[in-house]
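Residue numbers (this note's numbering), protein chains in the order written: chain X, 1 to 240; chain C, 241 to 528.
Simulated from the structure, these hints should not be mistaken for laboratory data.
Do not take every clue at face value.
As the list claims (entries may be wrong) - Selected chain X positions facing chain C (in silico; Cβ < 7 Å): (1) LEU43; (2) VAL46; (3) ARG70; (4) ASP81; (5) VAL83; (6) MET94; (7) GLY111; (8) ALA115.
As the list claims (entries may be wrong) - For each label pair, taking beta carbons as the anchor points, the in silico distance ranges come out as: (9) C:PHE379 x X:ARG51: 24 to 32 Å; (10) X:ARG51 x C:ARG441: 50 to 58 Å; (11) X:GLU140 x C:GLU424: 53 to 61 Å; (12) X:SER188 x C:SER372: 43 to 51 Å; (13) X:PRO47 x C:PHE477: 56 to 64 Å; (14) C:ALA394 x X:ARG135: 50 to 58 Å; (15) X:LEU109 x C:ALA325: 46 to 54 Å; (16) C:PHE379 x X:THR185: 57 to 65 Å.
All C-beta atoms, glycine included, are put in the ideal place defined by N, C-alpha and C.
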Amino acid sequence: MSVEFPGGVRAVDRLTLRIAEGERVALLGPSGAGKSTLLRALLGAVPVSGRVRVGGHDPHGPRRAAAWIRSGTGVVRQGNDLVLGVSGRLNALMGTAATWRTRDWLRALTGQIPAPFQSQLETLAAQHGILGCLRQPARELSGGQRQRVALVRALLGQPRLLLADEPTSGLDPVTAAAAVDALRTAGSPARPVTVIVATHDLAVARQFPRILAMRDGRLAYDGATLDESVTAGIYRGDQP
Amino acid sequence: MTPEELTRPWPPPTPKPAERGAPPTPVPSAVPRRRLLRWAAVGAILVLLVWSVQGTGVSVGALIDGREGGLHLVRGFLHPDLSAAFLADVGSAVLQTVQISLTGLLLAAPLGLAGALLIAGNVGAPGWLRGSARAGAAFLRGVPDLLWALLFVATIGPGPAAGALAIAVHGAGLLAKLGAEQLEAIDPAPVEAVRLTGTGRAATAVLAIIPQARAGLASLLLYQWECNLRTSTVIGFVGAGGIGQELAISLRLFRYDELSTLILAVLAMILLVDQLSRVIRRRMGAAT
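Modelling step: build the complete structure from the supplied sequences, incorporating the hints.
Structure, rendered in structure tokens:
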């Protein structure tokens with residue numbers, strides 16, 4: 001697949017890649033390598049040339065197929081993408097809105113947690129240290145707290161696929177480790193979760209069993225270890 | 241720089257003046273033509289202004305001729321009618337004006353905000369619906385509120401109901417356009433984040449678009465209320481109730497003392513609402 005933006009900039013260039021269900025993958029590369037664009041392409045958020053399939057469904061195909069992929073995907077994006085005017089709780093719940101029934105809407109909009117997500121949200125919020133932040137408007141949360149709310153939003157509702165774009169940006173080392181741990185251990189044997197974490201942090205990438213590296217929109221490395229020659233290839237342009 | 245440029249003398253020698261009898265240096269023709277065009281434009285604007293002033297009959301002479309009437313008006317204004325009976329009438333007219341403005345807002349707000357949601361590009365309503373809403377809003381606000389008032393007076397008869405409906409219809413068109421602009425001005429990142437989870441258009445609007453635009457929309461509603469209040473003083477002249485109707489009666493009867501009281505009441509009412517609206521907007525954190 002390729003992704004070309006208006007103006008001829010090719011963010012992803014003839015990439016061929018297969019990731020199995022339940023795999024945990026780190027997507028490494030310098031800024032502008034095409035990592036974020038690749039993640040967006042998996043959700044049908046950017047036009048692609050070539051073939052993309054997620055769980056056998058085409059994200060750029062019929063609306064139902066795209067909805068199936070998106071509703072089963074948890075997304076943590078770099079930067080701040082919370083709705084600042086509402087509470088941390090409503091932000092954390094937003095990832096599950098596609099599955100809400102009328103009573104869930106009523107509960108969510110009246111400051112309560114829809115019953116199907118009550119215990120999971122409380123567990124995840126406690127795990128990531130944001131239980132006290134849920135009532136606060138997102139505007140009043142720190143950058144790190146907002147990032148953790150975004151992480152909980154992605155994990156809530158038991159997604160089949162987790163896409164995280166720089167999930168540790170703005171987090172202190174302890175909280176960052178907890179976030180990476182949560183992504184690495186998400187899911188269960190009965191309900192496997194495929195995890196793709198885009199990062200430029202080598203320490204984060206090393207914690208994943210499979211490491212993909214991108215450079216100039218192309219796949220530069222696909223392996224399990226990161227030694228000096230590989231990182232030199234990714235960041236300095238030497239052949240890995 | 242090339243070696244030739246480096247060895248060239250500095251400053252460069254000034255060209256000698258043209259010798260007598262030599263052909264004159266040609267002047268570029270673009271400059272006088274541009275100057276000519278500029279003077280022609282200035283002349284055209286002046287002609288247009290003079291034509292407009294003559295057409296309206298505005299002149300210092302007309303003001304001098306009308307000095308008697310003017311003095312009568314000023315005299316009346318300096319002695320406002322402050323009798324208890326008239327003040328009671330003014331008070332009731334002010335209250336009715338406030339009622340008209342609020343009823344107009346109450347009816348315009350849901351219609352206008354629904355229209356805004358349909359028009360705003362980031363909400364993503366189907367094209368035909370968006371186009372229809374945009375055309376409908378343009379029609380509602382394109383017809384002046386005074387004309388709407390005349391139409392409603394002709395339909396349901398004179399009174400505050402006609403005024404409230406006229407304000408509501410015109411206000412809905414305005415709110416739809418300005419509300420759509422507020423909705424489109426929000427940060428798109430949270431909207432995309434919600435949309436990427438498979439949430440539908442309407443649900444995304446409820447969760448990510450409206451909450452971001454809330455303060456701006458509330459500020460817009462308050463501003464519309466201020467506008468409604470000003471408008472409801474004018475539409476009373478065509479029989480649509482409120483203090484405007486009292487103003488029209490006093491003006492027709494040349495009761496300038498009453499007119500003075502009514503104008504003072506209008507000013508006080510508008511200043512009060514302006515102040516109130518500013519306080520509310522500040523409390524909401526919206527731009528004042």
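Taking the hints in turn, this is what the structure says about them:
1. With 7 Å as the threshold, the beta carbon of X:LEU43 comes within range of chain C, its nearest partner Cβ sitting at about 5 Å, so the hint holds.
2. With its C-beta approaching chain C no nearer than about 11 Å, X:VAL46 sits outside the 7 Å limit, and its interface hint is violated.
3. The interface hint given for X:ARG70 is met, as the beta carbon of that residue sits about 3 Å from the closest beta carbon of chain C, less than 7 Å.
4. Taking 7 Å as the C-beta contact cut-off toward chain C, the hint placing X:ASP81 at the interface holds, the least distance being around 4 Å.
5. Below 7 Å, beta-carbon pairs count as interface contacts, and X:VAL83 has one with chain C at about 5 Å; its hint therefore holds.
6. At a threshold of 7 Å, the smallest CB-CB gap from X:MET94 to chain C is about 5 Å, leaving the interface hint in force.
7. Hint on X:GLY111 is violated. Least Cβ distance to chain C is approximately 13 Å, over the 7 Å limit.
8. For X:ALA115, the shortest C-beta to C-beta distance to chain C is roughly 18 Å, which exceeds 7 Å, and the interface hint is violated.
9. The given range of 24 to 32 Å is broken by C:PHE379 and X:ARG51, whose C-beta atoms sit roughly 48 Å from each other.
10. For the pair X:ARG51 and C:ARG441, the supplied restraint of 50 to 58 Å is violated, since their beta-carbon distance comes to about 27 Å.
11. A beta carbon spacing of about 26 Å between X:GLU140 and C:GLU424 contradicts the range 53 to 61 Å that was offered as a hint.
12. Between X:SER188 and C:SER372 the Cβ separation comes to about 50 Å, which falls inside the hinted range of 43 to 51 Å.
13. At about 58 Å, the beta-carbon gap between X:PRO47 and C:PHE477 stays in the expected band of 56 to 64 Å.
14. Taking 50 to 58 Å as the suggested C-beta distance range, the pair C:ALA394 and X:ARG135 conforms, at roughly 55 Å.
15. Between X:LEU109 and C:ALA325, the C-beta spacing of about 52 Å keeps the proposed range 46 to 54 Å intact.
16. Taken as a hint, the range 57 to 65 Å holds for the pair C:PHE379 and X:THR185, whose Cβ atoms sit roughly 59 Å apart.
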